[in-house]
Amino acid sequence: MNRIQKLFCEPKEKLIPFITAGYPTLDSTVDLVCGMAEAGANMIEIGIPFSDPQADGPVIQASSQQALDNGMTLNKIFEQVTQIRERTDVPLALMGYYNPILKMGHETFLNNCISSGVDGLILPDLPLEEAEPFCALAKSKDISPILLVAPNTPDERIKKISELAGDLIYAVSILGITGNDLASKDALAKYLNRVRENSVTPFVVGFGISSREDVIWFNEYSDGAVVGSAIIKNMDEGPNPVETTKQLIEVLKGRK
Amino acid sequence: MKNKFKDYNLPDDRGHFEKFGGKFVPESLIPALEELEQYYAKAKTDKSFQIELNNLLTHYSGRETALYFASQISEELGFKVWLKREDLNHTGAHKINNALGQILLARRMGKKRIIAETGAGQHGVATATVAALFGLDCIVYMGEEDIRRQKLNVFRMNLLGAEVRPVSSGSMTLKDATNEAIRDWVTNVESTYYLIGSTVGPHPYPMLVRDFQSVIGKEAKKQFENQSENALPDRLVACIGGGSNAMGLFYPFIKDDVKIVGVEAAGKGLESGEHAATLTKGDFGVLHGAASTLLQNEDGQVTLPHSISAGLDYPGIGPEHSYLNETGRVQYFSATDQEALDAFQWLSEKEGILPALESAHALAYLRQENNGIKQGENVIVCLSGRGDKDVHTVAEALGIEL
Ligand SMILES: Cc1ncc(COP(=O)(O)O)c(C=O)c1O
Chain B
1 MNRIQKLFCE
11 PKEKLIPFIT
21 AGYPTLDSTV
31 DLVCGMAEAG
41 ANMIEIGIPF
51 SDPQADGPVI
61 QASSQQALDN
71 GMTLNKIFEQ
81 VTQIRERTDV
91 PLALMGYYNP
101 ILKMGHETFL
111 NNCISSGVDG
121 LILPDLPLEE
131 AEPFCALAKS
141 KDISPILLVA
151 PNTPDERIKK
161 ISELAGDLIY
171 AVSILGITGN
181 DLASKDALAK
191 YLNRVRENSV
201 TPFVVGFGIS
211 SREDVIWFNE
221 YSDGAVVGSA
231 IIKNMDEGPN
241 PVETTKQLIE
251 VLKGRK
Chain P
1001 MKNKFKDYNL
1011 PDDRGHFEKF
1021 GGKFVPESLI
1031 PALEELEQYY
1041 AKAKTDKSFQ
1051 IELNNLLTHY
1061 SGRETALYFA
1071 SQISEELGFK
1081 VWLKREDLNH
1091 TGAHKINNAL
1101 GQILLARRMG
1111 KKRIIAETGA
1121 GQHGVATATV
1131 AALFGLDCIV
1141 YMGEEDIRRQ
1151 KLNVFRMNLL
1161 GAEVRPVSSG
1171 SMTLKDATNE
1181 AIRDWVTNVE
1191 STYYLIGSTV
1201 GPHPYPMLVR
1211 DFQSVIGKEA
1221 KKQFENQSEN
1231 ALPDRLVACI
1241 GGGSNAMGLF
1251 YPFIKDDVKI
1261 VGVEAAGKGL
1271 ESGEHAATLT
1281 KGDFGVLHGA
1291 ASTLLQNEDG
1301 QVTLPHSISA
1311 GLDYPGIGPE
1321 HSYLNETGRV
1331 QYFSATDQEA
1341 LDAFQWLSEK
1351 EGILPALESA
1361 HALAYLRQEN
1371 NGIKQGENVI
1381 VCLSGRGDKD
1391 VHTVAEALGI
1401 EL
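Sequence lines, in order, name chains B and P.
By the working numbering, the letter at position 6 of the first sequence is numbered 6, and the numbering carries on one by one without gaps.
By the working numbering, the letter at position 8 of the second sequence is numbered 1008, and the numbering carries on one by one without gaps.
Here chain B stands alone, though its shape is the one from the complex:
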């Protein structure tokens, strides 16, 4: 069992923060991830910066561009994940657009995931239609492909997506990009119940989640809450990114 599979066997509340690798500085990622794990994050998503992040709003776009300007690369991410793994056992997922992975090659990329200690992958521009070869290879290497569903995904398709993913899926809360506002709680509850009924795997929810109340609410309707833009925005506001971020994680976890 990989760390993600183990985590989702446990029925506890889950907070899953997202940060962009290489942001705000090239070498900030290791301390940020370890700090967030210490502060109570249950799993962490590390964004692979990309030149053309189509599913992202302005906050994550800007962080992605800054990370690239800082010199972040896939190989450096794997080096940093290796360092992270010396300090924490928190489940880790990489989130990234498909092209850099394709360029590295599926096999090399997945082998790097294994040797550095990545547990799962979220690829927002690799839908069911195109995902099969990659998912099969990832699963054969015990890496969890975390496929996405959206509010307009039909029931039958949710089921198929979760079957291909196998361990975990990610429900995008809204029709939109990261950092957008949330829909009404009624509409969300209806949608998440639909995902619950049709998915054969546990699922987490992300996009637009920013408060402790949100985290509690989404953990009632799903198996975990992903917080992205709010973490990055908050990081930009404090003098020390690691301390500022740890404090926010503690707030989001209800420890403060």
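FYI, nobody ran anything at the bench for these hints, they're computed from the structure.
A few of these clues could be false.
To be verified - Partial chain B-side listing against chain P, Cβ under 8 Å, derived:
1. Q61
2. N180
3. W217
To be verified - Calculated lysine-lysine pairs in the DSS-like style (CA-CA distance at most 27 Å, straight line):
4. P:K1259 <-> P:K1112
5. P:K1374 <-> P:K1350
6. P:K1019 <-> P:K1004
7. P:K1019 <-> B:K141
8. P:K1006 <-> B:K139
9. B:K233 <-> B:K6
10. B:K160 <-> P:K1019
11. P:K1350 <-> P:K1006
12. P:K1019 <-> P:K1044
Glycine included, C-beta positions come from ideal geometry on N, C-alpha and C.
Got chain B sorted already, so can you dock chain P with the ligand onto it with the hints?
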């Protein structure tokens, strides 16, 4: 080669041209793409759709466009050049062919809000035009750099009632405008029709844009047969941005024994690192929803293209062109900024036609030394648009203040 293309019938059901094409998009766009596929399949066999489109092409856009035998340059070159005059379309470029087709689809789908990306502004103008015609809201995403070099087209779009939204991310050109249009579409997918301007993007766009542009090649084929002594031309030439004017000319000839040449933008030179010669210099990758060929670095980050022509300033290319390149059915050449500028002036002086800077790349190929054209050949060149929009850029390049 001939046999392989005799039964040419791509893309397949999944939108693939073998390893190229497909749908690499966020999940929320999948239902929209499927809906579009269904409506398009219906429209294809629906007589009333075809009649409506043909009426608009004829009476609104002014088709058919002339196939003009350019005697002055033919004499100079020693082979026969036929210009397919897409510049004579309403709004001044081939882009309207596709915009008319897609706006009719949008109407059948009941969409009230139209979005588009634009580089040179020609597609933005075409989209704003058809949106005005049908009373639909229109938002055009355009990079700030392109807004600067295509001021005239920005004002035209405003006059047509469209909102031009400046895009300041990345290279501030077509690639970034496309990203922003996709973000808008993801967010407003239920109300909005995304009117893509070239044979790029996820399936079914490369196919349907090609089909709507194929009117270029169908007309040219018939006109050439009527106007010349030969049944078929020897060679076709078109410039390549995303590849729509080229696919439009090429597709009706793909099964025929005709040489086909696409011309990419070599910018400041192929070795300068500042160009948009995707097939010549790029490699396999995924951008804007399709697997195709890309200008990218060793880490898979898309690199900034350069061309003096905003319509060619794009780091990707339509998936079908990647396929036609790989199979050798189409040969791809490139022309530099300087060669295009020279060709722009050359055609203006010799034939009295100001070509778009995009189209000037196709013309520049005619004058290249190793183009492989034999004396006496019949060559059809797609004159994809008129050059009025480019006079500021040309004046600037020539150091003339207007
Ligand atoms: C006149 C003209 N020709 C060519 C192009 C390039 O596009 P495509 O390769 O899709 O024909 C453009 C794009 O804006 C254009 O305006």
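Please flag the earlier hints that this structure goes against, numbers listed from lowest up. 3, 4, 8, 9, 11
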